[in-house]
Amino acid sequence: GQSLEQPSEVTAVEGAIVQINCTYQTSGFYGLSWYQQHDGGAPTFLSYNALDGLEETGRFSSFLSRSDSYGYLLLQELQMKDSASYFCAVRWGYQKVTFGTGTKLQVIP
Amino acid sequence: DGGITQSPKYLFRKEGQNVTLSCEQNLNHDAMYWYRQDPGQGLRLIYYSQIVNDFQKGDIAEGYSVSREKKESFPLTVTSAQKNPTAFYLCASSTPGTSEDEQFFGPGTRLTVL
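Protein chains in written order, with my numbering: chain P, 1 to 109; chain W, 1 to 114.
The shape of chain W in the complex, shown without the other chains (with noise of 0.2 Å):
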């Protein structure tokens, strides 16, 4: 089946440590997002990558790092310059121009730093 994975699910780090969260898909999507969500809060773009080896900053980069090596593959990496990382981080995908514009998302890791 096609999709989108994101791992681990749940993660503890301890602050000041860097972290990279996982997030893979299989639907041949050319577009890959990273979004942070607070309780109660809507989602906030991190980063996005058209293609491989390209990604531009979303409305919240400082603290956050991506790479795109792979179309398939689109790791977010928190770094310790995140004041705070604590959140829930979800991946999408897509293929822009279609005639829905839907993104697909993955279940998402949340990132608990103690």
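Okay, chain P solo, but in the shape it has when bound (with noise of 0.2 Å):
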């Protein structure tokens, strides 16, 4: 089957930057996506990457390299409420979707 192996924890000071990588086995998939999930909610979407290469959101950037099976959330400038858990995910076949191991992310002052 396919997975994505994320670090478990991650824990980072207020104002800096924060890298979260997602590795996986899978081939012939569609893109890799990010998602952030405080406790007890639902997730919320982030950001996708279709092809190699960074993508930019404001404080937030996603990477992807498919030759070399990984990609990355990068966080920014950091702030208390950026404390939650992030899921990276892709879509293979038309409809699967297989959703990383998730690392929470615990933002110090």
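By construction, these hints were calculated from the structure, which means they are not laboratory data. Accuracy of the hints is not assured; some may be wrong.
[Stated by the list, open to error] For lysine to aspartate or glutamate, the following DMTMM-like pairs were computed, each having C-alpha atoms within a straight-line distance of at most 20 Å:
{"no.": "1", "chain 1": "W", "residue 1": "K83", "chain 2": "W", "residue 2": "D59"}
{"no.": "2", "chain 1": "W", "residue 1": "K9", "chain 2": "P", "residue 2": "D39"}
{"no.": "3", "chain 1": "P", "residue 1": "K96", "chain 2": "W", "residue 2": "E15"}
{"no.": "4", "chain 1": "P", "residue 1": "K96", "chain 2": "W", "residue 2": "D30"}
[Unchecked claim] Listed next, with one range per pair, are the computed distances between beta-carbon atoms:
{"no.": "5", "chain 1": "P", "residue 1": "N21", "chain 2": "W", "residue 2": "T5", "range": "42 to 50 Å"}
{"no.": "6", "chain 1": "W", "residue 1": "L11", "chain 2": "P", "residue 2": "T101", "range": "42 to 50 Å"}
{"no.": "7", "chain 1": "W", "residue 1": "T79", "chain 2": "P", "residue 2": "G41", "range": "24 to 32 Å"}
{"no.": "8", "chain 1": "P", "residue 1": "G41", "chain 2": "W", "residue 2": "F12", "range": "41 to 49 Å"}
{"no.": "9", "chain 1": "P", "residue 1": "G93", "chain 2": "W", "residue 2": "T5", "range": "21 to 29 Å"}
{"no.": "10", "chain 1": "W", "residue 1": "N26", "chain 2": "P", "residue 2": "L51", "range": "28 to 36 Å"}
{"no.": "11", "chain 1": "P", "residue 1": "D52", "chain 2": "W", "residue 2": "G16", "range": "49 to 57 Å"}
{"no.": "12", "chain 1": "P", "residue 1": "V13", "chain 2": "W", "residue 2": "Q56", "range": "39 to 47 Å"}
Think of the CB as a built atom: it goes at the ideal place given N, C-alpha and C, for glycine as much as any other residue.
From these two lone chains plus the hints, build me the complex, please.
So this is what it looks like as structure tokens:
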């Protein structure tokens, strides 16, 4: 089956930059997405990479390298409200989606 | 406002009982999904549907059933055959093929089987 691995936890300081990696063992997928989920809440969409390279959306950027089988989410100017879990996800086949294991980000003052 | 609604937010059931979780969307999306999330874990796909009257098993479909009689609705039944049903259940919808490939999630239903 498909699998996407992420670090389980990351801690970073308010105002800093943090990178959350996603490595995968799959092929033939349409693109890599990132979602944010606060405790007890529903995931919300952050970004999508259909092609290799960097996509920037405000303080968040996402990168995909199909040749290296990995992607990452970059969060800049960290704020306390960024403390949440972050998931990568791929769509393979027309509709089937697989989510990564998730990374819990803790932002400290 | 457009969105996805799930009801109820919290649900308690006795072991051995079937229970149906509601999911409704007014986003005019073709595709709908059900995920299960256990504490501290990622989302695992239970079932998904591309169009009305069609649905496919995801990675953990055993013990679950769904129907898609209307575009707006995709209810999930947790049957007594599901060995460990206590979890957070999330419904989502999307329109695949768009540039963003975004899934929109409902607020979730937290099911506890006693």
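For each hint, the structure was consulted:
At most 20 Å may separate the alpha-carbon atoms for a hinted pair to count; K83 (chain W) and D59 (chain W) meet this at roughly 15 Å. For a cut-off of 20 Å, the pair hint linking K9 (chain W) to D39 (chain P) stands: about 15 Å separates their Cα positions. A hinted pair counts as satisfied when its Cα atoms are at most 20 Å apart, and K96 (chain P) with E15 (chain W) does not qualify at roughly 30 Å. Distance restraint check for K96 (chain P) and D30 (chain W): the Cα-Cα separation of roughly 14 Å lies within the 20 Å cut-off, and the hinted pair is therefore satisfied.
Checked against the hint of 42 to 50 Å, the pair N21 (chain P) and T5 (chain W) fails, with Cβ atoms roughly 34 Å apart. Checking the proposed 42 to 50 Å range against L11 (chain W) and T101 (chain P) shows it is violated: the Cβ atoms sit about 26 Å from each other. The beta-carbon spacing between T79 (chain W) and G41 (chain P), approximately 27 Å, falls within the hinted interval of 24 to 32 Å. Roughly 21 Å separates the CB atoms of G41 (chain P) and F12 (chain W), a value that falls outside the hinted 41 to 49 Å.
Our hint of 21 to 29 Å for G93 (chain P) and T5 (chain W) holds, since their Cβ atoms are close to 27 Å apart. Under the hint 28 to 36 Å, the C-beta atoms of N26 (chain W) and L51 (chain P), about 32 Å apart, fit the expected range. Judged by the Cβ atoms, the range 49 to 57 Å given for D52 (chain P) and G16 (chain W) holds: they are separated by roughly 51 Å. For the hinted restraint 39 to 47 Å between V13 (chain P) and Q56 (chain W), the CB-CB distance of approximately 44 Å keeps it satisfied.
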